[in-house]
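**Q** Construct the entire structure; sequences and hints are all you get.
Read left to right, the sequence shown gives residues 1 to 253 (the numbering used here).
Hints were generated in silico from the structure; no laboratory data involved.
The model shown is predicted, which means the values in this text are computed figures rather than measured ones.
Among the clues, some could well be false.
Straight-line Cα separation of at most 27 angstroms, BS3-like style, residue types lysine-lysine; simulated pairs [unchecked claim]:
1. Lys163 - Lys95
2. Lys136 - Lys196
3. Lys71 - Lys163
4. Lys95 - Lys136
5. Lys95 - Lys179
6. Lys196 - Lys57
7. Lys179 - Lys245
8. Lys68 - Lys53
9. Lys179 - Lys68
10. Lys196 - Lys211
11. Lys130 - Lys163
12. Lys196 - Lys95
13. Lys245 - Lys196
Ranges of calculated distance between the beta carbons of each label pair, as one might list FRET restraints [said to hold, decoys possible]:
14. Ser75 - Arg178: 15 to 21 angstroms
15. Glu173 - Arg86: 30 to 36 angstroms
16. Asn249 - Glu218: 46 to 52 angstroms
17. Lys64 - Ser149: 34 to 40 angstroms
18. Asp140 - Ser88: 31 to 37 angstroms
19. Asp140 - Leu208: 16 to 22 angstroms
20. Lys95 - Leu151: 50 to 56 angstroms
21. Lys245 - Ser75: 19 to 25 angstroms
22. Pro172 - Ala146: 28 to 34 angstroms
23. Ala146 - Arg178: 37 to 43 angstroms
24. Glu218 - Lys245: 36 to 42 angstroms
25. Tyr171 - Glu215: 28 to 34 angstroms
26. Pro54 - Glu199: 43 to 49 angstroms
27. Ala94 - Glu199: 18 to 24 angstroms
Glycine included, every Cβ here is placed at the ideal spot set by N, Cα and C.
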Amino acid sequence: MNVERLFGQSEDYGDGPNRTRFIVVMVVCLATMIWALLAISVRRPSDTTLPPKPYTKADLPHLKRNLKALKENASILTGKLSRLDRTSEGRIAAKLWEELFYTPEHYSAFVQNRNVEMAHVLELHPDLTKFINLTKEYQDARYSIATNSDLTDKTAAIAALDKRLQPQFKYPEYSHDRKTFDAARSELFGNAEFDKAREAYRKAWVALALKCHPELGEYFHRVDVYDTAYAYTMSQANALSLDIKTLENAPST
1 MNVERLFGQS EDYGDGPNRT RFIVVMVVCL ATMIWALLAI SVRRPSDTTL
51 PPKPYTKADL PHLKRNLKAL KENASILTGK LSRLDRTSEG RIAAKLWEEL
101 FYTPEHYSAF VQNRNVEMAH VLELHPDLTK FINLTKEYQD ARYSIATNSD
151 LTDKTAAIAA LDKRLQPQFK YPEYSHDRKT FDAARSELFG NAEFDKAREA
201 YRKAWVALAL KCHPELGEYF HRVDVYDTAY AYTMSQANAL SLDIKTLENA
251 PST
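**A** Below, the structure is given as structure tokens:
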């Protein structure tokens, strides 16, 4: 966490206001340590030590127990993030995200992450082409409206866009495709390109949000602690899941 962003530029900590500021910073740092400890206080399997590689089919029960525990941990971390979203700071951040979504500063970073994400999902699920293309078309059209200075009535333009595209989202498989996309995206943790793009977007969004609401610094730090733990846990789970599938598909010896 950047304490200078929260409390102003660094100063010598002597008596009076500077000393008070130093105490406040130390309290925040202590709170940071507590949150970090809480983030890793999740359920673990009774035996977290994986057998040595190369794995064999005899290791499958052990591997599956560890995979189940990792998924439980990820679920716990998701719950912690959801609780943060429901705080007053979380509601402010969510509202700000909606307000900034179609601004050039935010959307350019978002699109870079989105395109990497969707490209990898399509590799796994080419059947999601319709869903992905519709999503991109709508988002990009909304951005064009938001940034078109020649439009005098953007509300009417958005209404016309909704009238044209929204019915296309009502195709029978939409709900299924939405769930499939979300599931496929969760399987991308551990993919180097996906992880890099996701982290770059997350940092860009937080930096932009803090320019508008610097008082959200501690909130975003807490989110970062849990989000980092979640991404790491999912990366482990995805790698282990791949090992399990490889073993299950391997011929018996």
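**Q** Each hint should be assessed against the structure and marked as holding or not.
**A** Hint check results:
1. Lys163 - Lys95: Holds: Lys163 and Lys95 sit about 25 angstroms apart, inside 27 angstroms.
2. Lys136 - Lys196: Holds, because 21 angstroms separates the two Cα atoms, which is no more than 27 angstroms.
3. Lys71 - Lys163: Distance ~40 angstroms between Lys71 and Lys163 Cα, so the pair is violated.
4. Lys95 - Lys136: 22 angstroms, holds
5. Lys95 - Lys179: 24 angstroms, holds
6. Lys196 - Lys57: 33 angstroms, violated
7. Lys179 - Lys245: 22 angstroms, holds
8. Lys68 - Lys53: With a Cα-Cα distance of about 19 angstroms, the restraint between Lys68 and Lys53 holds, given a limit of 27 angstroms.
9. Lys179 - Lys68: Distance ~21 angstroms between Lys179 and Lys68 Cα, so the pair holds.
10. Lys196 - Lys211: 23 angstroms, holds
11. Lys130 - Lys163: 18 angstroms, holds
12. Lys196 - Lys95: 26 angstroms, holds
13. Lys245 - Lys196: 25 angstroms, holds
14. Ser75 - Arg178: 15 to 21 angstroms: For Arg178 against Ser75, whose Cβ atoms are near 20 angstroms apart, the range 15 to 21 angstroms holds.
15. Glu173 - Arg86: 30 to 36 angstroms: Since Glu173 and Arg86 have Cβ atoms about 32 angstroms apart, the given range 30 to 36 angstroms holds.
16. Asn249 - Glu218: 46 to 52 angstroms: Holds, since Asn249 and Glu218 (Cβ atoms, about 47 angstroms apart) stay within the stated range.
17. Lys64 - Ser149: 34 to 40 angstroms: 57 angstroms, violated
18. Asp140 - Ser88: 31 to 37 angstroms: 33 angstroms, holds
19. Asp140 - Leu208: 16 to 22 angstroms: 20 angstroms, holds
20. Lys95 - Leu151: 50 to 56 angstroms: 24 angstroms, violated
21. Lys245 - Ser75: 19 to 25 angstroms: At 21 angstroms between Cβs, range holds.
22. Pro172 - Ala146: 28 to 34 angstroms: With Cβ atoms ~31 angstroms apart, the hint holds.
23. Ala146 - Arg178: 37 to 43 angstroms: Violated, since Ala146 and Arg178 (Cβ atoms, about 24 angstroms apart) do not stay within the stated range.
24. Glu218 - Lys245: 36 to 42 angstroms: 41 angstroms, holds
25. Tyr171 - Glu215: 28 to 34 angstroms: For Tyr171 and Glu215 the Cβ distance comes to about 43 angstroms; the hint is violated.
26. Pro54 - Glu199: 43 to 49 angstroms: 31 angstroms, violated
27. Ala94 - Glu199: 18 to 24 angstroms: Given a distance of about 20 angstroms, which is inside 18 to 24 angstroms, the answer is holds.
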